[in-house]
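Novice: Read top to bottom, the protein sequences are chains L, R, V and G. The letter at position 210 of the first sequence is residue 210 when you use the working numbering, and the numbering goes up by one with no holes. The letter at position 190 of the second sequence is residue 190 when you use the working numbering, and the numbering goes up by one with no holes. The letter at position 319 of the third sequence is residue 319 when you use the working numbering, and the numbering goes up by one with no holes. The letter at position 98 of the fourth sequence is residue 98 when you use the working numbering, and the numbering goes up by one with no holes.
Because the hints were derived from the structure by calculation, they are not lab data. Check the hints yourself; a few may be wrong.
No copy is singled out in the list; a pair is fine if it fits within one copy or between any two copies.
Once the Cα atoms are required to be at most 30 Å apart in a straight line, the calculated DSS-like pairs of lysine-lysine come out as [unchecked claim]: (1) K308 x K8; (2) K202 x K179; (3) K308 x K202; (4) K121 x K8; (5) K121 x K179; (6) K321 x K8; (7) K8 x K179.
Protein chains: 4
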Amino acid sequence: MDMVAVLKTNLDDNAVTALVGRIESLGLAPHVSRTEYRTVITTSGGEGNPELRDQVAQLEGVDRVLPIAQPYRLASREFAESDTILDIKGIRVGGPHVNVIAGPCAIESRELLFEVAAAVKQAGASILRGGAFKPRTSPYSFQGKGRDGLIMLQEAGQAFNMPTITEVTDTRDVEVVYKYADMFQVGARNMQNYNLLLEVGKTDKPVFIKRGLAASTTELLMSAEYVLSQGNHRVILCERGIRTFADDVRFTLDVSAVPVLQERSHLPVFVDPSHAAGRRDLVPPLALAAVAAGAAGVIVEVHSCPDKALCDGPQALLPTKFEGMMNQLRQIAEVVGHRVTRWGEEGEHVRPAATGGGWRS
Amino acid sequence: MDMVAVLKTNLDDNAVTALVGRIESLGLAPHVSRTEYRTVITTSGGEGNPELRDQVAQLEGVDRVLPIAQPYRLASREFAESDTILDIKGIRVGGPHVNVIAGPCAIESRELLFEVAAAVKQAGASILRGGAFKPRTSPYSFQGKGRDGLIMLQEAGQAFNMPTITEVTDTRDVEVVYKYADMFQVGARNMQNYNLLLEVGKTDKPVFIKRGLAASTTELLMSAEYVLSQGNHRVILCERGIRTFADDVRFTLDVSAVPVLQERSHLPVFVDPSHAAGRRDLVPPLALAAVAAGAAGVIVEVHSCPDKALCDGPQALLPTKFEGMMNQLRQIAEVVGHRVTRWGEEGEHVRPAATGGGWRS
Amino acid sequence: MDMVAVLKTNLDDNAVTALVGRIESLGLAPHVSRTEYRTVITTSGGEGNPELRDQVAQLEGVDRVLPIAQPYRLASREFAESDTILDIKGIRVGGPHVNVIAGPCAIESRELLFEVAAAVKQAGASILRGGAFKPRTSPYSFQGKGRDGLIMLQEAGQAFNMPTITEVTDTRDVEVVYKYADMFQVGARNMQNYNLLLEVGKTDKPVFIKRGLAASTTELLMSAEYVLSQGNHRVILCERGIRTFADDVRFTLDVSAVPVLQERSHLPVFVDPSHAAGRRDLVPPLALAAVAAGAAGVIVEVHSCPDKALCDGPQALLPTKFEGMMNQLRQIAEVVGHRVTRWGEEGEHVRPAATGGGWRS
Amino acid sequence: MDMVAVLKTNLDDNAVTALVGRIESLGLAPHVSRTEYRTVITTSGGEGNPELRDQVAQLEGVDRVLPIAQPYRLASREFAESDTILDIKGIRVGGPHVNVIAGPCAIESRELLFEVAAAVKQAGASILRGGAFKPRTSPYSFQGKGRDGLIMLQEAGQAFNMPTITEVTDTRDVEVVYKYADMFQVGARNMQNYNLLLEVGKTDKPVFIKRGLAASTTELLMSAEYVLSQGNHRVILCERGIRTFADDVRFTLDVSAVPVLQERSHLPVFVDPSHAAGRRDLVPPLALAAVAAGAAGVIVEVHSCPDKALCDGPQALLPTKFEGMMNQLRQIAEVVGHRVTRWGEEGEHVRPAATGGGWRS
């Protein structure tokens with residue numbers, strides 16, 4: 001891992017020479033530069049040993065270490081210069097394609113799910129969301145319908161010809177979610193559940209990773225790297241609000257993360273305005289802002305009767321509001337040179353879904 | 001100030017009665033409610049004495065106090081239900097009008113200022129910015145040209161027929177800034193410099209207040225209240241990024257503050273993408289996001305030779321990039337039912353500037 | 001869940017009456033209070049249905065809902081007024097007992113572990129830590145020795161007569177960790193891995209839960225509630241630094257969380273200065289500050305050769321520094337009326353370890 | 001300003017040579033190093049021109065710039081290796097001396113001030129605080145007694161033989177505060193009111209600077225640099241809580257800032273537990289934590305009748321509680337090798353106050 005070690009101010013030449021020797025003995029190639037106030041040692045080598053940074057930082061005479069290469073490889077723009085465009089059952093995700101993922105927060109009943117799916121498909125959503133395993137702050141809250149919910153989601157996806165996405169929260173559930181859903185969602189609270197990332201990384205289905213409440217963009221990319229390192233190259237990133245002192249909304253949507261992540265990575269970047277805001281009236285302005293800033297899509301909660309929702313009702317849009325938002329989204333996408341996916345159009349829905357050799361092949 | 005006092009769990013009836021008596025003796029009207037686990041006392045009265053909240057919070061037996069009314073009046077939506085639309089030398093600011101304030105960070109020379117002013121006017125900016133008093137983190141940095149800079153700014157404003165805005169950082173400078181500029185800017189670092197707010201509140205020129213790096217939207221509205229309370233009703237709010245753990249950009253643009261402030265206040269809400277990002281490549285996506293979210297305008301730094309700028313060069317747009325951004329801004333404003341101000345059009349530039357009775361009349 | 005609904009300002013009497021009816025139809029008992037500017041409705045009932053808060057918040061005419069009871073029960077001071085004192089293999093944890101948990105970050109070899117264990121026992125640590133499953137930001141970092149590490153830890157615990165603690169990161173590993181270690185550690189990144197909390201909640205071994213980087217104290221107590229709700233009442237809380245804009249150290253130690261958690265909960269509250277600081281020179285001052293603020297203990301990383309550590313070397317104390325810190329800790333504990341556990345003293349090590357009916361009894 | 005410029009990955013040798021030329025033309029001495037993945041250019045020179053960093057950052061081919069020297073000089077440990085110990089009217093502040101500044105938040109009446117001064121002197125405070133100019137969030141709150149309050153403070157200081165400290169919030173008030181008080185306090189909201197810093201920097205009285213709610217420690221040291229650069233070398237730093245997502249207390253006390261500031265600067269570092277906590281019950285544990293972490297003192301609000309205080313009553317300690325805290329503070333100071341100043345002891349109160357040549361000499 002390439003780095004710059006800034007030395008302490010009081011070192012004489014012998015001390016610097018000794019330090020160079022110690023760095024070499026760690027297997028790194030050091031190179032000394034001197035400025036007016038400081039001596040710095042630039043190092044090369046040590047590929048694949050992230051521990052070396054800490055080890056250099058602790059050497060006698062080193063003040064601090066500045067990294068000069070990113071710790072991720074497969075997720076980086078250096079690895080793939082052009083945008084990754086995924087094909088998810090014929091839907092193209094990434095690059096100029098803007099996709100809207102919509103559906104209820106939790107799958108509560110077959111009727112409700114089908115009603116919402118029909119409405120969001122009609123308004124222009126291209127992927128159907130619905131939660132079967134719900135991570136809830138309180139052990140006394142509704143925890144989701146589990147496998148029964150997954151089956152309903154699969155049926156709705158087939159009925160409306162939409163790929164489906166659902167959250168997986170436990171390594172033990174990866175197999176059942178793989179069986180019924182088209183995409184894995186790894187939620188913000190599990191962004192650094194590394195065993196879970198490794199497990200979904202062994203499959204061939206797309207993994208949609210939400211940024212943790214306090215995760216840096218680098219950490220989000222490192223979580224993507226966990227999945228990518230297992231051979232699953234179908235990863236989507238999602239900004240969903242970070243925790244700050246601002247308490248007007250549930251989380252502060254970090255809209256600048258969209259262009260920042262796009263600069264550093266080739267992976268598609270989505271935004272979740274529903275969880276960021278926690279209030280349905282703010283979902284449309286934040287969704288429009290996300291697409292104006294260049295996002296590859298948004299994931300939005302829609303509920304036909306939100307005041308009876310078993311989960312996160314206050315942030316769910318009514319279908320009519322969702323339709324209005326979609327109309328504005330389409331226009332804004334075009335202003336920034338993007339295009340919201342439409343069903344049935346030539347060139348938008350042509351290839352069959354990738355049918356890999358199955359799971360853990 | 002209306003509030004709800006939540007009592008401690010272990011109080012008997014006598015203790016509650018005693019507490020009611022103490023609250024009455026503070027001049028408040030108490031009203032007791034009991035829930036399964038808690039007793040609460042709702043209070044009325046005490047208008048104009050914000051200290052009462054702390055005094056109730058300290059009474060024996062009170063666990064905590066929840067405010068149920070906002071601490072600001074004149075800045076609130078309750079005070080003025082419809083959007084305030086300011087007339088600044090014929091330019092309408094607020095409501096559906098989207099205005100772009102542009103110019104160099106600091107006024108460095110007459111030539112540069114005129115060059116940038118010509119370019120931003122041509123591209124569609126309606127108000128000219130330029131700093132003469134610069135608050136800088138380092139005492140060794142360029143601190144601005146002071147009065148000479150103000151004179152140049154006035155000349156440029158007259159030459160290009162644009163109202164001007166500049167920052168004021170000291171109560172002793174309010175008079176000279178009033179003389180030469182059309183609008184006061186109170187910067188993020190002075191948002192709670194209350195003496196400065198009181199002083200500009202005694203004038204009749206618009207005050208553009210930037211949110212502090214760690215200020216809540218309520219505190220921003222309280223700073224507006226300081227100006228409004230002195231009789232100056234021409235206040236504009238500006239979100240410019242908050243300080244969070246996210247370190248990819250200088251400050252995290254809190255785009256959700258735009259709809260939140262608009263819900264709570266009748267005052268126009270602008271966004272400063274330049275200071276939020278600190279990097280010019282992020283300015284256009286953040287500006288577009290701001291207008292998509294409903295902002296009444298943006299304030300943007302433009303420099304014709306940013307790598308020689310004496311201040312904040314890395315965030316200044318080149319004139320050509322600014323023009324491209326303006327074209328997209330106009331379209332996005334229309335998608336959300338707004339309209340970027342254009343010069344010379346009927347209905348956009350009709351009224352003469354308000355000519356008040358002067359300063360501290 | 002008891003709450004106060006603050007109504008919108010423009011409601012007439014009929015609207016309030018209608019709202020009261022809707023609240024009653026949700027199964028809650030409403031009680032109306034009027035202040036000068038606002039009407040509020042206090043509600044009782046709805047025990048065990050946390051969704052009701054969101055449902056009330058969405059009712060037509062409700063501006064916002066303020067909770068007046070905490071969402072946790074078993075973790076609260078109301079549930080158990082006096083401090084919980086755990087007996088962990090004869091060591092008392094909580095109340096006036098201050099315990100120091102020490103050991104290497106990761107278990108790297110039997111030799112190193114025994115060397116460090118001997119040193120920390122000698123200096124006064126009462127519980128031995130060591131990581132076998134390491135959650136690492138990078139997939140390319142050392143991930144721990146797994147089951148082999150657990151066996152070494154068990155042997156060291158037996159050799160030095162110290163209870164042991166190790167991190168568990170996957171529901172699939174709960175059984176093996178249960179077999180070899182005396183306490184489960186749930187790390188900051190898994191604080192809201194609810195399936196993991198449920199699984200350790202089904203055992204009878206103590207669970208040490210670290211606060212997430214962006215978790216509120218309420219959320220930490222809700223995570224404790226997950227464990228407690230499964231019947232495992234042996235929970236310890238740990239503050240380990242939160243993520244803020246301050247970047248001098250890895251995380252900002254929130255020392256005020258110690259008295260805040262102790263006021264709200266009966267559970268012991270520890271502090272982890274090593275992970276907060278990320279630098280060994282700051283570990284002693286932060287550890288002393290924690291005990292001065294009343295913490296029930298600290299968890300500290302010690303390494304006899306930290307510049308060769310495979311994990312988090314820069315924050316590991318040398319055994320000699322650890323000993324110096326212990327001497328100061330003992331004195332500070334006494335100033336605040338507490339006492340650092342010493343081995344072999346009467347009254348400190350009397351009861352045999354609780355021997356429950358085994359796992360998932 | 002010494003720095004390391006990390007270049008973009010795709011540069012060929014000609015591009016690097018061109019870049020070296022451009023850096024030289026800025027007056028800097030460049031030195032090229034190459035690692036496996038990156039080329040970096042270390043630069044020297046450019047002393048006294050902080051703009052150069054931005055200018056290098058913008059050069060074609062530069063990815064980012066890493067500073068390798070701190071931007072402050074006079075405030076740094078490099079400038080003065082040993083702790084600065086101030087003599088304030090015979091009281092020694094800094095180094096091993098721990099001083100407690102105490103008094104009411106605001107000066108409300110002569111009687112109250114004298115009552116509190118007598119109590120805190122008796123309990124062991126060495127410096128008397130009291131606010132005459134109060135910066136308040138609300139324009140409708142009590143704003144302080146101004147000059148009348150300063151006169152009362154001076155009288156109390158003389159009566160009890162204690163140096164006095166009071167806040168100054170406006171450049172126009174520096175003269176009157178200088179006349180009546182012994183130390184200037186610059187509050188958190190004015191930490192970056194640079195004109196105010198320059199003005200107090202022209203005097204010869206000590207300046208106590210509180211860290212802003214969102215200020216980094218580097219920014220706090222830069223504010224100290226503003227004062228020092230004007231020739232006033234008597235500066236004290238104060239950590240008083242930062243704004244984070246944690247909302248249990250008003251501000252999160254960043255206790256690690258104490259050792260961090262002490263490592264980087266020779267100036268004394270105090271802590272204000274009262275404003276951090278906002279609740280009196282948390283003041284003693286936070287004060288003890290601060291002294292355990294090595295602080296040179298604390299500043300605490302004390303009020304003999306806090307429930308009638310006109311300002312910040314909930315955080316004021318009663319005199320009896322203050323006395324108990326002082327007893328613990330003395331013991332904790334000794335554990336860490338410090339000593340709380342006591343009046344009348346040999347060696348603690350020997351030198352007369354520095355009597356400079358007056359103001360703006």
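Novice: Hint numbers the structure violates, sorted upward?
Specialist: 3, 4 and 7
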